[in-house]
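**Q** With these hints in hand, go ahead and build the complete structure from the sequences.
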Amino acid sequence: MDQIEKVNNYQLPSELIPDPGADIVLGHGLDYKMVTNRIAGVVYLPLKNSPKKWLVGAFFSFCFVNLLMLAIYVLFTKGTGIWGLNIPVAWGFAIINFVWWIGIGHAGTLISAVLFLVKQDWRTSINRFSEAMTLFAVACAGMFPILHLGRPWLFYWLLPYPNSMWLWPQPRSPLEWDVFAVSTYGTVSLVFWYVGLIPDLASLRDTAPSLLQRKIYGIMSLGWRGSAIHWHRYQKAYLLLAGLSTPLVLSVHTIVSFDFAVSQLPGWHTTIFPPYFVAGAVYSGFAMVLTLIIPLRSWYNMRDLITLRTIESACKLMLGVGLIVGYGYGMEAFFAWYSGDKYEAFMYWNRITGPYGFMYWLLILCNIAIPQLLWSRKVRHSLWLVWVISIVVNIGMWLERFEIVVTSLHRDFLPSSWGMYSPTKWDIATYAGTIGFFMLLIFLFVRFLPSISIFEVREQVHHDLHAQPVEEHV
Amino acid sequence: MNHAVSTKKYAGLFGALVEFDTPEDLVEACEKTYAEGYRKMDAYAPMPVDGLAEAIGYKRNKVALCVLIGGCTGVCAGFGFLQWISQVAYPHNVGGRPLNSWPAFIPITFECMILFSALTALVSMLAMNGLPRLHHSIFNVPSFERASVDKFFLCVEAEDPKFEPESTVSFLKTLGGREVNFVPE
Numbered sequence: 001m002d003q004i005e006k007v008n009n010y011q012l013p014s015e016l017i018p019d020p021g022a023d024i025v026l027g028h029g030l031d032y033k034m035v036t037n038r039i040a041g042v043v044y045l046p047l048k049n050s051p052k053k054w055l056v057g058a059f060f061s062f063c064f065v066n067l068l069m070l071a072i073y074v075l076f077t078k079g080t081g082i083w084g085l086n087i088p089v090a091w092g093f094a095i096i097n098f099v100w101w102i103g104i105g106h107a108g109t110l111i112s113a114v115l116f117l118v119k120q121d122w123r124t125s126i127n128r129f130s131e132a133m134t135l136f137a138v139a140c141a142g143m144f145p146i147l148h149l150g151r152p153w154l155f156y157w158l159l160p161y162p163n164s165m166w167l168w169p170q171p172r173s174p175l176e177w178d179v180f181a182v183s184t185y186g187t188v189s190l191v192f193w194y195v196g197l198i199p200d201l202a203s204l205r206d207t208a209p210s211l212l213q214r215k216i217y218g219i220m221s222l223g224w225r226g227s228a229i230h231w232h233r234y235q236k237a238y239l240l241l242a243g244l245s246t247p248l249v250l251s252v253h254t255i256v257s258f259d260f261a262v263s264q265l266p267g268w269h270t271t272i273f274p275p276y277f278v279a280g281a282v283y284s285g286f287a288m289v290l291t292l293i294i295p296l297r298s299w300y301n302m303r304d305l306i307t308l309r310t311i312e313s314a315c316k317l318m319l320g321v322g323l324i325v326g327y328g329y330g331m332e333a334f335f336a337w338y339s340g341d342k343y344e345a346f347m348y349w350n351r352i353t354g355p356y357g358f359m360y361w362l363l364i365l366c367n368i369a370i371p372q373l374l375w376s377r378k379v380r381h382s383l384w385l386v387w388v389i390s391i392v393v394n395i396g397m398w399l400e401r402f403e404i405v406v407t408s409l410h411r412d413f414l415p416s417s418w419g420m421y422s423p424t425k426w427d428i429a430t431y432a433g434t435i436g437f438f439m440l441l442i443f444l445f446v447r448f449l450p451s452i453s454i455f456e457v458r459e460q461v462h463h464d465l466h467a468q469p470v471e472e473h474v
Numbered sequence: 001m002n003h004a005v006s007t008k009k010y011a012g013l014f015g016a017l018v019e020f021d022t023p024e025d026l027v028e029a030c031e032k033t034y035a036e037g038y039r040k041m042d043a044y045a046p047m048p049v050d051g052l053a054e055a056i057g058y059k060r061n062k063v064a065l066c067v068l069i070g071g072c073t074g075v076c077a078g079f080g081f082l083q084w085i086s087q088v089a090y091p092h093n094v095g096g097r098p099l100n101s102w103p104a105f106i107p108i109t110f111e112c113m114i115l116f117s118a119l120t121a122l123v124s125m126l127a128m129n130g131l132p133r134l135h136h137s138i139f140n141v142p143s144f145e146r147a148s149v150d151k152f153f154l155c156v157e158a159e160d161p162k163f164e165p166e167s168t169v170s171f172l173k174t175l176g177g178r179e180v181n182f183v184p185e
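Protein chains in written order, with the working numbering: chain A, 1 to 474; chain B, 1 to 185.
Read the hints as simulated data drawn from the structure, not as lab findings. Keep in mind the model is a prediction, meaning the values are calculated, not measured. All residues carry an ideal CB built from backbone N, CA and C; glycine is no exception. Certain hints may be false.
Said to hold, decoys possible - Under the rule of at most 25 angstroms between Cα atoms (straight-line distance), these lysine to aspartate or glutamate pairs were calculated in the DMTMM-like manner:
id, chain 1, residue 1, chain 2, residue 2
1, A, 33, B, 145
2, B, 32, B, 21
3, A, 33, B, 25
Claimed, not checked - Just a few of them, taken from the derived set where beta-carbon distance is under 7 angstroms, the chain B residues facing chain A:
id, residue
4, 50
5, 63
6, 69
7, 99
8, 101
9, 103
10, 133
11, 137
12, 145
13, 146
14, 149
**A** Here is the structure:
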């Protein structure tokens with residue numbers, strides 16, 4: 001009988017595995033068993049063999065989660081007055097962060113669904129991870145509108161359910177569309193992610209060292225046994241989920257932009273918003289993927305599984321989408337001038353030269369100027385620079401949301417109702433807390449579930465085995 | 001799967017299992033076994049293999065049809081529900097707009113369509129595959145745990161009319177696999 005030897009006391013490969021370069025998706029010399037052991041091994045890694053950086057990172061994220069709990073506690077006891085919100089700026093950090101987080105989620109869906117439909121093989125090594133990122137980002141995003149409600153414990157009033165007052169939500173309001181869009185997005189992302197996980201959970205069931213792990217992963221794998229007919233239906237279901245997620249991801253940020261665009265406010269009431277928001281979302285999402293996978297692959301010695309090809313392709317896409325975002329900024333300025341509307345023009349002028357003007361120029365620096373470095377192959381191959389640029393883009397996208405929300409509100413039609421907005425320490429604590437929450441979920445995910453899709457990497461190994469002889473003839 | 005048929009020829013035997021190293025060998029073996037006249041069989045692989053399901057005679061994949069039905073249900077349910085809210089349950093004049101202001105209902109209808117379709121894709125795929133289930137006879141073969149790692153298997157089931165322990169095993173041995181095992185039930 002030819003059984004698998006169970007990996008007890010797994011250790012990461014001790015010598016540094018080099019990156020095979022930007023030409024291939026996977027390193028040489030990998031076979032089905034090796035990729036299973038390498039990816040599943042990270043899950044079996046005993047705590048003492050875990051990278052120290054993981055422990056430190058998880059600990060700090062956990063501290064920030066506690067800060068979030070504290071901030072929510074104070075919010076629940078004292079109310080939204082602890083935040084910097086007031087009239088005229090009634091949408092502050094909560095909405096900025098909501099839009100920012102949900103945007104980050106979008107690249108996850110884009111990588112797993114759209115790149116799957118267009119058969120981009122480099123997505124294989126990061127799709128699982130970016131789907132997880134989507135899910136956690138949506139969890140963070142979902143918190144903000146609920147905390148913003150004033151009486152968050154009544155959030156279920158947003159849902160249409162038969163209640164004793166026989167009141168129903170207003171289906172003509174973009175805010176109600178948002179409830180459906182975000183909850184559908186969260187659910188479908190979870191389904192897509194879980195469907196992708198099923199065969200890998202079966203691999204974990206069959207290779208895990210401890211009985212408890214085998215039981216847990218066994219139950220989670222739903223009894224998957226890899227039957228050819230099951231795979232056939234599975235692939236069809238996965239393809240359809242990818243096909244459904246693609247319009248979904250576009251619709252979600254479109255609807256988020258409707259929250260603004262359907263209003264009558266200068267700076268919000270514009271038709272460029274839906275595509276501009278979607279592009280911005282994908283932009284920030286790619287930035288976040290890069291921010292996370294560059295350390296991850298080095299901590300877990302996975303440079304041959306997540307190769308430079310993946311990183312470089314993500315950089316190119318980020319650069320391309322960034323240019324669309326830049327076009328959006330240009331169009332905003334053009335609309336303000338071409339509309340001939342003096343409120344529109346004033347709003348724009350105030351945005352770039354007013355009290356928050358420095359943030360606008362910082363945003364242009366972060367989102368438009370600095371990412372142009374990615375045109376250079378040298379920069380794309382220098383991981384430190386890519387990592388720094390990805391963080392710069394994340395900051396830039398946050399500034400963009402700040403500009404959209406705050407500068408449009410703080411000086412509108414009547415100078416007598418003008419005002420300024422600044423966040424309080426609780427605004428900042430809540431925001432930092434969700435970053436900690438997001439990071440902690442990512443750390444736990446890497447620890448407990450295969451962060452790379454094992455079966456898809458096996459397919460890639462199979463594909464590479466057959467592609468190599470042809471290349472040699474050429 | 002109808003394993004609970006009372007007219008069993010071989011009590012306690014689920015089938016015969018042969019193991020291969022590569023997906024190509026498995027597909028070839030499946031084609032040969034099918035040509036030999038066996039029909040009740042299944043192939044197992046740690047990843048999707050092109051043409052494998054077809055090689056064992058699988059033709060109709062109904063997942064897409066189910067998802068279409070799910071999506072249509074979602075559209076009708078979503079749009080109908082909003083109409084019912086705004087015209088029957090809670091008719092409400094908002095800024096003089098008509099009660100049937102249907103363009104405003106499209107975003108939620110769209111989301112319902114996606115939600116229903118995606119859930120149908122999950123549920124129909126699992127239901128047709130007979131999952132989740134706690135156990136299956138195929139797991140009784142110890143080496144089968146490699147079916148989720150690096151090995152490829154073909155199982156001819158005892159329910160097949162052509163199945164006979166000796167002749168089937170000796171046929172499976174001609175396919176060039178690594179080893180042939182009986183699968184106890």
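**Q** Next step is simple, just say for each hint if it's right about the structure.
**A** Hints versus structure:
1. A:33 with B:145: holds (12 angstroms)
2. B:32 with B:21: Holds. Residue 32 of chain B to residue 21 of chain B sits at ~17 angstroms (cutoff 25 angstroms).
3. A:33 with B:25: holds (18 angstroms)
4. 50: violated (10 angstroms)
5. 63: holds (4 angstroms)
6. 69: violated (12 angstroms)
7. 99: violated (10 angstroms)
8. 101: It holds, given that the least Cβ distance between residue 101 of chain B and chain A is near 6 angstroms, below 7 angstroms.
9. 103: violated (9 angstroms)
10. 133: Since chain A brings a Cβ to about 4 angstroms from residue 133 of chain B, closer than 7 angstroms, the hint holds.
11. 137: violated (10 angstroms)
12. 145: holds (4 angstroms)
13. 146: holds (6 angstroms)
14. 149: holds (5 angstroms)
The structure fails hints 4, 6, 7, 9, 11 (numbered hints given earlier, in ascending order).
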